[in-house]
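Trainee: Could you put together the complete structure from these sequences and hints?
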Amino acid sequence: MTVTESVRSALEVDKVESHLHPQGSFDVADHVVPTGREEIWRFTPLKRLRGLHADAPLTARSCKATWTEHEGVDIRVVTGDEAQSVRGVTAWAPNARFAARVLAEVPASILVDVPAEHEMAEPIFMEIEGVDLDATMGAHMTLRFGAHSRGVIVVNHTGSAAVAAVVEVVVGDGADVTVVSLQDWAGDAVHLSHHQALVGRDATYKHVAVTFGGDVVRMDCNVQYDGPGGSAELLGLYFADEGQHIEHRLFADHTAPRTKSNVLYKGALQGQGAHTVWVGNVLIRKVAEGIETFEENRNLVLSDGCHADSVPNLEIETGEIAGAGHASATARFDDEQLFYLRSRGIDDKEARRLVVHGFFNDLIRKIGVPSIEDKLMATVEAELAKNVLREDAEVGA
Amino acid sequence: MSTLVIKDLKVSVDTEDGPKEILKGVTLTIKDGETHAIMGPNGSGKSTLAYSIAGHPKYTVTGGTVTLDGEDVLAMTVDERARAGLFLAMQYPVEVPGVSVSNFLRTAKTAIDGEAPKLRTWIKDVNASLQALDLDPTFSTRNVNEGFSGGEKKRHEIAQLELLAPKVAVLDETDSGLDIDALKVVSDGVNRFKAAGDKGVLLITHYTRILRYIKPDFVHVFVDGRVAEQGGPELADQLEAEGYDKYTKPATVAG
Chain A
0 MTVTESVRSA LEVDKVESHL HPQGSFDVAD HVVPTGREEI WRFTPLKRLR GLHADAPLTA
60 RSCKATWTEH EGVDIRVVTG DEAQSVRGVT AWAPNARFAA RVLAEVPASI LVDVPAEHEM
120 AEPIFMEIEG VDLDATMGAH MTLRFGAHSR GVIVVNHTGS AAVAAVVEVV VGDGADVTVV
180 SLQDWAGDAV HLSHHQALVG RDATYKHVAV TFGGDVVRMD CNVQYDGPGG SAELLGLYFA
240 DEGQHIEHRL FADHTAPRTK SNVLYKGALQ GQGAHTVWVG NVLIRKVAEG IETFEENRNL
300 VLSDGCHADS VPNLEIETGE IAGAGHASAT ARFDDEQLFY LRSRGIDDKE ARRLVVHGFF
360 NDLIRKIGVP SIEDKLMATV EAELAKNVLR EDAEVGA
Chain B
1439 MSTLVIKDLK VSVDTEDGPK EILKGVTLTI KDGETHAIMG PNGSGKSTLA YSIAGHPKYT
1499 VTGGTVTLDG EDVLAMTVDE RARAGLFLAM QYPVEVPGVS VSNFLRTAKT AIDGEAPKLR
1559 TWIKDVNASL QALDLDPTFS TRNVNEGFSG GEKKRHEIAQ LELLAPKVAV LDETDSGLDI
1619 DALKVVSDGV NRFKAAGDKG VLLITHYTRI LRYIKPDFVH VFVDGRVAEQ GGPELADQLE
1679 AEGYDKYTKP ATVAG
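Protein chains in written order, with my numbering: chain A, 0 to 396; chain B, 1439 to 1693.
Wrong hints could be hidden among the right ones.
Distance condition first, Cα-Cα at most 27 Å in a straight line; then the derived DSS-like pairs of lysine-lysine [what the hints assert, rightly or not]:
1. B/1496 x B/1562
2. B/1462 x A/348
3. A/348 x B/1496
4. B/1448 x B/1462
Derived DEER-like restraints, expressed as beta-carbon distance ranges [what the hints assert, rightly or not]:
5. B/1635 x A/370: 33 to 43 Å
6. B/1563 x A/369: 22 to 32 Å
7. B/1619 x A/370: 40 to 50 Å
The set of hints was computed from the structure by calculation and includes no laboratory data. Where a beta carbon is used, it is the ideal one built from N, C-alpha and C, also for glycine.
Mentor: Here is the structure:
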C-alpha cells in the first residue's frame, strides 16, 4: 500500500479494507463459489455441506416449522413481493454466496412482527424440525421488534435436514430483545446460517447460540447498530462430539457511537475428530467513538483427538474508545481443580462433572429464559454421560 | 481412636534436571487428641509432607509408609484418603468457577458420608459454620474461591474442616497472610474442631504466631526434608527467640 492509498483509506468513512468481512452484495453473481482458501471459509469442511455453499437447490421444504401464538404478535409465512419486502431489512448485504442465494431464491419467509411498545409476557417458542436430509433447502426469517417493544424468541432446531438459513433481526429503538437459537439437530444434519441484527438507538439485544447436534453446523452471527447507545450481548454454548464440526463466527460491527458489544462463547469437545471453530471479529469504525467491546471464548477439551480453533480479531479505526478487549483460552481439565475437589472426598468422575457444569453454569445463568436454562443443564449432563461419566471411562488414579 | 503413622517417608518431585528428593525419611505418629506443629524454614519440605499425605499427583513417594488406623494411605486415591478421614486445609485453595460454595460443600459432605445430608439440618449447619467464621450467609452462593480475599479462602477451608469433620486435619500454613483478627477466627475454628474429640491435627507453619491460639502438644522442626529436632511447646518458644539459624547455618567446628 502506498502512502497516498493509506491516507485515503484513513479518511474513508464507510468502506473498510479488511479480509475479515468482505464487501457484501445482494447479487448472487457477485459471489463466487468458495474454494475453502478464503479467510471466511478456511475452517469449514466444504465437502460435507451437501452443496449448500455452492449451487444445491434451496427450494425444497424439508423442515416443518411450528410456533406458539401470542396475542398482539403477528407470526406468519409470507411469499412473493411481501417476502422480498422483509428481506435485506437489516442494512446489510450478504457477504456469502449462500446468504445471497437464500434472499434471492427461497420462495417464502417467516415473519415475526412485534408492534412498537408491545411487551411479550411469554417467549415465543418456535420448533424447526428437519424431516428430509436429502432435499437441501433454504430458509429465511425476519424478526421485527418495534420501538420500545420487549420480547424473547426461542428457535429450536431438531431432526435431520440440510439447511442454509438467514435470520434477520430488527431491534427497534429502545427495544429489549432476546433471540435464542438451539441447534439440537440429529447427528447427520447440515446447517449453514447467518443471523444479522440491526440494533436501534439505546436498544438492548441478546443473542444466544446453543449448538449440540448436527454433522456440520456453522453460524455467522453479526450485529450492526442503527444509532448510538445500542447494546449487544452475544452468548454461545457448544458441545462437539466425535466427528462433529461446529463453527461460530461473530461479527460486532460498531457502526455508531457509544455502542456496546459483549461476546462470551464457551465450548466443550470430546471424541475423535470433534472440531470447533470460534472466530470473533470486532470492527470499531471511525464514527464509533466511545464504544465498549469485550469478547471471550473458552474451550474445554475433554478427550484426546479433538481440535479447537479460537480466533479473536479486533480492528480499531478510532482512538476514542471506552474499552476494547478479548480473551481466548483452550485447555484440558485443570489438575489442581480436580485435586482440590477430590481432596474433599469427591470422586474423580463427580469432580469432572462439577468442573464442566461450573464451566457452563455462569454462561447458562446469563441466558435469562428459565425453561431453557433447565433444559441446557440437562443437555450438558447428557453430553457428559457420553464420555466423561461413562462407566468404562478411563479415570486417573 | 485414630492414629496417623508416617514412617521413613521419602518423596521426590520431577524437575527439569530429573527427580529431586524433597522428603528424606520422615517419621511421625499423630494420635487422636494430639496437635503436632511442624515448623521449619522455607523449602524444608513442610508443604511437600502435607500434599504427599493428601496424594497430590505432583509428588512421588519413593519410600516409607503412611497409615491411618492401620490402613495403607499411600495405596488410596486422593478422594479415598479424604473419605478415610484425612483433610488438608490448603495454603493456596483453588478456584472452581461456576461451582457455588453450597453446591461444593453439599457434594463433599455427601461423598464423605456416603449419603446426602438431611437438608434442613445441613443448611442450619452450614450457616452456623459460616457465621462462626465471620462469613456472610451470601458467601454460600459465591463460586468456590473465586474472588475470595486471602482471609476468606482460609476461613472457607476451616468451614470445610468443621463441616466435613475428618479424623485427622493437616493445616498447611493456614496462618499465612492472615491479620490478627482473621487468625483468631480461624484458630477458634480449629479449636472447635479439636474440641469435638478424638481429632488429630498436624499444623504446618513458618511462624510461631498461630501457636499462641492453637496449643501444640508436640513441635517438630523440619530442616532439609527431615525432622531435625522435636520437643514440646517450649521448642516453639525457643524458635520464636532464636529463629531457624542454628538449623540452617552450616555447623561450625567445635573448639
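Trainee: Each hint: holds or not?
Mentor: Going through the hints against the structure:
1. Of the supplied pair hints, the one linking residue 1496 of chain B and residue 1562 of chain B is violated, its CA atoms being roughly 37 Å apart against a limit of 27 Å.
2. The hinted pair formed by residue 1462 of chain B and residue 348 of chain A fails the criterion: a straight-line CA distance of about 34 Å is larger than 27 Å.
3. About 20 Å separates the Cα atoms of residue 348 of chain A and residue 1496 of chain B, which keeps this hinted pair within 27 Å; it holds.
4. For the suggested pair residue 1448 of chain B and residue 1462 of chain B, the alpha carbons sit about 5 Å apart, so the restraint of at most 27 Å is met.
5. Hint check: residue 1635 of chain B to residue 370 of chain A, Cβ distance near 50 Å, so the stated range 33 to 43 Å is violated.
6. Evaluation of the 22 to 32 Å hint for residue 1563 of chain B and residue 369 of chain A yields a pass: the beta carbon distance comes to about 29 Å.
7. Judged by the Cβ atoms, the range 40 to 50 Å given for residue 1619 of chain B and residue 370 of chain A holds: they are separated by roughly 46 Å.
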